[in-house]
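These protein sequences, in sequence, are chains A and B.
Using my numbering, you'd call the opening residue of the first sequence number 1 and step up by one each time.
Using my numbering, you'd call the opening residue of the second sequence number 1 and step up by one each time.
Treat each hint with caution, since some may be false.
Identical chains share a label here; the pair holds if one copy fits it or two copies do between them.
Stated by the list, open to error - DMTMM-like, lysine to aspartate or glutamate: derived pairs with alpha carbons at most 20 Å apart:
| no. | residue 1 | residue 2 |
| --- | --- | --- |
| 1 | Lys486 | Glu403 |
| 2 | Lys400 | Asp493 |
| 3 | Lys400 | Glu83 |
| 4 | Lys486 | Glu414 |
| 5 | Lys486 | Glu267 |
| 6 | Lys65 | Glu163 |
| 7 | Lys65 | Asp212 |
| 8 | Lys400 | Asp496 |
Everything labelled a hint here was simulated from the structure, so no lab data went into it.
Protein chains: 2
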Amino acid sequence: MTRPISFPEDGAQRRKIYLGDGERPDLRVPFTEVLLGDSPSASGPVPNPALRLYDASGPGSDPEKGLPPLRRQWILGRSDVEEYEGRPVAARDDGRGASARDGAGLRGSTQWRAARSLPLRARRSPSGKSVATQRHYARSRVITEEMRFAALREGVDPEVVREELAAGRAILPANINHPESEPMIIGKRFLVKVNANIGNSSVSSSIAEEVDKLTWATRWGADTVMDLSTGPDIHTTREWIIRNSPVPIGTVPIYQALEKVNGSPEELSWELYRDTLIEQAEQGVDYVTVHAGVLLRYVPLAAGRLTGIVSRGGSIMAAWCLAHHRENFLYENFDELCAIAAAYDVALSLGDGLRPGSVADANDEAQFSELRTLGELTEVAWRHDAQVMIEGPGHVPLHKIPENVALQQQLCHEAPFYTLGPLTIDVAPGYDHITSAIGAAVIGMHGTAMLCYVTPKEHLGLPGREDVKQGMIAYKIAAHAADLAKGHPGAQDWDDALSKARFEFRWGDQFNLGIDPETAQAFHDETLPATPAKTAHFCSMCGPKFCAMRISQDVKDYASTHGMPVSVAVSQGMREKADEFREKGSNLYVEPGV
Amino acid sequence: MTRPISFPEDGAQRRKIYLGDGERPDLRVPFTEVLLGDSPSASGPVPNPALRLYDASGPGSDPEKGLPPLRRQWILGRSDVEEYEGRPVAARDDGRGASARDGAGLRGSTQWRAARSLPLRARRSPSGKSVATQRHYARSRVITEEMRFAALREGVDPEVVREELAAGRAILPANINHPESEPMIIGKRFLVKVNANIGNSSVSSSIAEEVDKLTWATRWGADTVMDLSTGPDIHTTREWIIRNSPVPIGTVPIYQALEKVNGSPEELSWELYRDTLIEQAEQGVDYVTVHAGVLLRYVPLAAGRLTGIVSRGGSIMAAWCLAHHRENFLYENFDELCAIAAAYDVALSLGDGLRPGSVADANDEAQFSELRTLGELTEVAWRHDAQVMIEGPGHVPLHKIPENVALQQQLCHEAPFYTLGPLTIDVAPGYDHITSAIGAAVIGMHGTAMLCYVTPKEHLGLPGREDVKQGMIAYKIAAHAADLAKGHPGAQDWDDALSKARFEFRWGDQFNLGIDPETAQAFHDETLPATPAKTAHFCSMCGPKFCAMRISQDVKDYASTHGMPVSVAVSQGMREKADEFREKGSNLYVEPGV
Numbered sequence: 001m002t003r004p005i006s007f008p009e010d011g012a013q014r015r016k017i018y019l020g021d022g023e024r025p026d027l028r029v030p031f032t033e034v035l036l037g038d039s040p041s042a043s044g045p046v047p048n049p050a051l052r053l054y055d056a057s058g059p060g061s062d063p064e065k066g067l068p069p070l071r072r073q074w075i076l077g078r079s080d081v082e083e084y085e086g087r088p089v090a091a092r093d094d095g096r097g098a099s100a101r102d103g104a105g106l107r108g109s110t111q112w113r114a115a116r117s118l119p120l121r122a123r124r125s126p127s128g129k130s131v132a133t134q135r136h137y138a139r140s141r142v143i144t145e146e147m148r149f150a151a152l153r154e155g156v157d158p159e160v161v162r163e164e165l166a167a168g169r170a171i172l173p174a175n176i177n178h179p180e181s182e183p184m185i186i187g188k189r190f191l192v193k194v195n196a197n198i199g200n201s202s203v204s205s206s207i208a209e210e211v212d213k214l215t216w217a218t219r220w221g222a223d224t225v226m227d228l229s230t231g232p233d234i235h236t237t238r239e240w241i242i243r244n245s246p247v248p249i250g251t252v253p254i255y256q257a258l259e260k261v262n263g264s265p266e267e268l269s270w271e272l273y274r275d276t277l278i279e280q281a282e283q284g285v286d287y288v289t290v291h292a293g294v295l296l297r298y299v300p301l302a303a304g305r306l307t308g309i310v311s312r313g314g315s316i317m318a319a320w321c322l323a324h325h326r327e328n329f330l331y332e333n334f335d336e337l338c339a340i341a342a343a344y345d346v347a348l349s350l351g352d353g354l355r356p357g358s359v360a361d362a363n364d365e366a367q368f369s370e371l372r373t374l375g376e377l378t379e380v381a382w383r384h385d386a387q388v389m390i391e392g393p394g395h396v397p398l399h400k401i402p403e404n405v406a407l408q409q410q411l412c413h414e415a416p417f418y419t420l421g422p423l424t425i426d427v428a429p430g431y432d433h434i435t436s437a438i439g440a441a442v443i444g445m446h447g448t449a450m451l452c453y454v455t456p457k458e459h460l461g462l463p464g465r466e467d468v469k470q471g472m473i474a475y476k477i478a479a480h481a482a483d484l485a486k487g488h489p490g491a492q493d494w495d496d497a498l499s500k501a502r503f504e505f506r507w508g509d510q511f512n513l514g515i516d517p518e519t520a521q522a523f524h525d526e527t528l529p530a531t532p533a534k535t536a537h538f539c540s541m542c543g544p545k546f547c548a549m550r551i552s553q554d555v556k557d558y559a560s561t562h563g564m565p566v567s568v569a570v571s572q573g574m575r576e577k578a579d580e581f582r583e584k585g586s587n588l589y590v591e592p593g594v
Numbered sequence: 001m002t003r004p005i006s007f008p009e010d011g012a013q014r015r016k017i018y019l020g021d022g023e024r025p026d027l028r029v030p031f032t033e034v035l036l037g038d039s040p041s042a043s044g045p046v047p048n049p050a051l052r053l054y055d056a057s058g059p060g061s062d063p064e065k066g067l068p069p070l071r072r073q074w075i076l077g078r079s080d081v082e083e084y085e086g087r088p089v090a091a092r093d094d095g096r097g098a099s100a101r102d103g104a105g106l107r108g109s110t111q112w113r114a115a116r117s118l119p120l121r122a123r124r125s126p127s128g129k130s131v132a133t134q135r136h137y138a139r140s141r142v143i144t145e146e147m148r149f150a151a152l153r154e155g156v157d158p159e160v161v162r163e164e165l166a167a168g169r170a171i172l173p174a175n176i177n178h179p180e181s182e183p184m185i186i187g188k189r190f191l192v193k194v195n196a197n198i199g200n201s202s203v204s205s206s207i208a209e210e211v212d213k214l215t216w217a218t219r220w221g222a223d224t225v226m227d228l229s230t231g232p233d234i235h236t237t238r239e240w241i242i243r244n245s246p247v248p249i250g251t252v253p254i255y256q257a258l259e260k261v262n263g264s265p266e267e268l269s270w271e272l273y274r275d276t277l278i279e280q281a282e283q284g285v286d287y288v289t290v291h292a293g294v295l296l297r298y299v300p301l302a303a304g305r306l307t308g309i310v311s312r313g314g315s316i317m318a319a320w321c322l323a324h325h326r327e328n329f330l331y332e333n334f335d336e337l338c339a340i341a342a343a344y345d346v347a348l349s350l351g352d353g354l355r356p357g358s359v360a361d362a363n364d365e366a367q368f369s370e371l372r373t374l375g376e377l378t379e380v381a382w383r384h385d386a387q388v389m390i391e392g393p394g395h396v397p398l399h400k401i402p403e404n405v406a407l408q409q410q411l412c413h414e415a416p417f418y419t420l421g422p423l424t425i426d427v428a429p430g431y432d433h434i435t436s437a438i439g440a441a442v443i444g445m446h447g448t449a450m451l452c453y454v455t456p457k458e459h460l461g462l463p464g465r466e467d468v469k470q471g472m473i474a475y476k477i478a479a480h481a482a483d484l485a486k487g488h489p490g491a492q493d494w495d496d497a498l499s500k501a502r503f504e505f506r507w508g509d510q511f512n513l514g515i516d517p518e519t520a521q522a523f524h525d526e527t528l529p530a531t532p533a534k535t536a537h538f539c540s541m542c543g544p545k546f547c548a549m550r551i552s553q554d555v556k557d558y559a560s561t562h563g564m565p566v567s568v569a570v571s572q573g574m575r576e577k578a579d580e581f582r583e584k585g586s587n588l589y590v591e592p593g594v
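Bound-form chain A, shown alone (with noise of 0.2 Å):
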């Protein structure tokens, strides 16, 4: 069914190649493509097939031109969309760091598509349809390129996709002014997703930074990027990272509505939240967190707490009711935001304003209050055809995550869920990642469609490039262990690949198989730095006398090469093979290089 289409890499063992349909040529699915050596056998070498991985790195652009709008046929083929001029750009769109740059003014979407001849028009369902949406395609049961391409990405029939979108139970972040976006689902039927935070932030970063980080990000696995500026050149640095972004971006449009009013979350309104929602969509984004669950009278609940409010969106809400003594304006306004949202297919991502910020205040009333009200606003949202997931804590113990994730599942009618970790515990600063791929596995096996990564300096600074990779490893860890322990179909055959390789001693397709191929192999060379130890038949624990692996082996040859199941090796040949181990003495044991 699947065919390779080409092998930008040829010759690498570890390379990019893309897999049509065998239908639509210009559906091209990328794969990372493991080529394997050869097993030993008493009958020769034993060819062992390319393993194909999942592949969300994209591919590779010149930061200044943009990636290809590999989407753009599909969107406009659909013929339901209009295009028009979109809002224009102002100064405070680009926050208050804006006037204080370098002197080069605006740089924002419209200067930036001009220099670069890009359409300057955006794209939007006609007023008052949410026909462009894949919620609504899949519920009008048409197969879209996007469903076609997710479902090959995933190994799984493209009925399987649209039927998950179609109930909910999973979304296709796709905004039709994002058409560079390689299309990806999220949902506990499929792998378990994992998101990168990036952004600046007004104590640090610039915007080739930020772009840099996107680009490494991927590279490393992430399945979305969310953009969580907060600093200077809010409107500028978004608009650089989606035009190079082959993953979907989310950002949490409150912060830059934060920074129009110069940081004052009383000043903030209802149209200045929406004008800032068209902004973004008009932009791209491809799904935003909306903290429309953090309700006026929740807001109390968080205040027995030991860590209060946390969520940085959760607490500009809950100044906002505080001060002006009234209703969240996103709860009062949500079908005008959801009908917003639908008209670019945005996704919705119902932020957990009140997410717990210690072990202490896991699954409490504050949490599970707005959890009901993120229930209630999912099936709002899908009245209007807007594709919905759901946020999710935060810092939670181990034994708290079941009830967690079920209840989610229960109160959200099983729209997808997205959580933050957890953290399983509060007590190693610096080392988050770890306290939280350790919940992220278990949230993840229990459900959890996506994960968004914690790196290194969780709650003690912004990350840099090294945090990103470190956290974005930690939580392909998280997520592969969830995908395992839910069966999910394929999953292992990687873990087997790999441990086949390592029973082998193929050094090099252990490497090329991992996650990070260049640190194992570093680490490898710290012991055995010399050349031949990469083909050696023993490995540095145990050092080139005796090896744990060998004897194994040297059962399972004489198994196999006396023709008999293994079980009955003993009763039928041990003696036989007691001799011959002893007449081969030190065989047993094979030196470097041979």
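Assemble chain B onto chain A, guided by the hints.
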């Protein structure tokens, strides 16, 4: 009940203290005490009590002298052991490398002790008796000083320690020839413990490096250390390690026995093994891994596996069984082995020689067959009053972990479980401290008593100093996550103290309460290096102008200054609060250093 005895590092924010039980002046139990700053409140600063943490780091020492023999008087005071001239140390005790050394000749225990005026004689129970084991005392309803010490460390009644030991649900590894050790207990009703493996191999490391790794491992919280040396100077390395170790030392005697026969497993014999066991028991080894469950008939079960036999000890015994077509000599002579172990109170750690080496092989017939045999052997050991724990895997995907623990507890009559990881996936060489910390936390939650750490170098090379630290920290995280999940009394106090400090921006307290204060502070300083930032009431994530935690502090303050339960703060005072909020304006945001 407990009272501080001394403050060796008085004045420091994080310092070692010793607590006694008010009865025995020589019972001085170490703790790490973290002194905390005041919490701000509307009515002025409120002091926070100091937090005391379990401390395995030992008193520190000059490696050339060794540690003071803390337990010597307790052991002699029981008047139930005899001193005798130990077996003479032979050149081959130092393994194949002995003759190739730097010309210093044998530096074995006899010479080492003589040079330091330490007793040359060994202690044991009188022939034919096993009166000296902690299990024996516990079953005789005697609460030893060791039990009191362990109970104080754990914060439980000494009778709980005695009961668990008597029932076989816990062990207190305390060889009477290792009086330097600080007693600790391993059992599911106590804090989850972590073991660190160190040891040289034929391809790397020196004696001094290994002693340094021991001290380094306990500095990061290792509760026991296993010396897995297989390289040169094996006897002498162990002597240095034991004399300098405040924690129980474990070994795998078959490794040394194999060195004595130049690495040829078929030349091993019960007599050689017994002599090696006595050699190590006289030196003071506290527990030994014994692969007595690798029966001849189980060996072929491993041949059908993806990764055969990966336990080094398991494969040595399998090789011996194959070579001689005879039953495992450790199994055949297990009664005598137990008698020797009991005479010195060497605890037995029944090795899982057939543990899975990949997720594909987890929970298979080979593994569970051996486990059934370990259950039988547990009962044999208990008849000798030897202390026993059971080793476990290895590589196990998350969903198969609960069955693993449940079966071990059932088949082995609740003897403590001691697991290596397990790794939950196979595809992250270079990051197996993380793949396995996930499994370790979950298996700990289900009742595993001690976790054997895995370092980033697993499968790739021998761990160096930094690997030991990274492995230890990942496992202290896993152990604490399990303690929280089990609802261990007092475990959450630590998290709550840190989370409170975090919420109140007491940065110094947050660092000092962390598992690795230096790293936490260094990470913080990368983003906000200026000194005022350490006392700033904001964090670098949101910058100085807005902070999520501030707003919830504000809600809390409001409720408390108005003397009302927080739950009614909204209904009674929200309008007033709203006015106040608008008036205060930007005072909500605290500037750096203010």
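Right, here's what the structure says about each hint:
| no. | hint | result |
| --- | --- | --- |
| 1 | Lys486 with Glu403 | both (17 Å within a copy, 16 Å between copies) |
| 2 | Lys400 with Asp493 | between (31 Å within a copy, 17 Å between copies) |
| 3 | Lys400 with Glu83 | neither (48 Å within a copy, 53 Å between copies) |
| 4 | Lys486 with Glu414 | within (16 Å within a copy, 29 Å between copies) |
| 5 | Lys486 with Glu267 | neither (46 Å within a copy, 46 Å between copies) |
| 6 | Lys65 with Glu163 | neither (37 Å within a copy, 72 Å between copies) |
| 7 | Lys65 with Asp212 | within (14 Å within a copy, 54 Å between copies) |
| 8 | Lys400 with Asp496 | between (32 Å within a copy, 16 Å between copies) |
Hint compliance for this structure: hints 3, 5, 6 are not met, and every other hint is.
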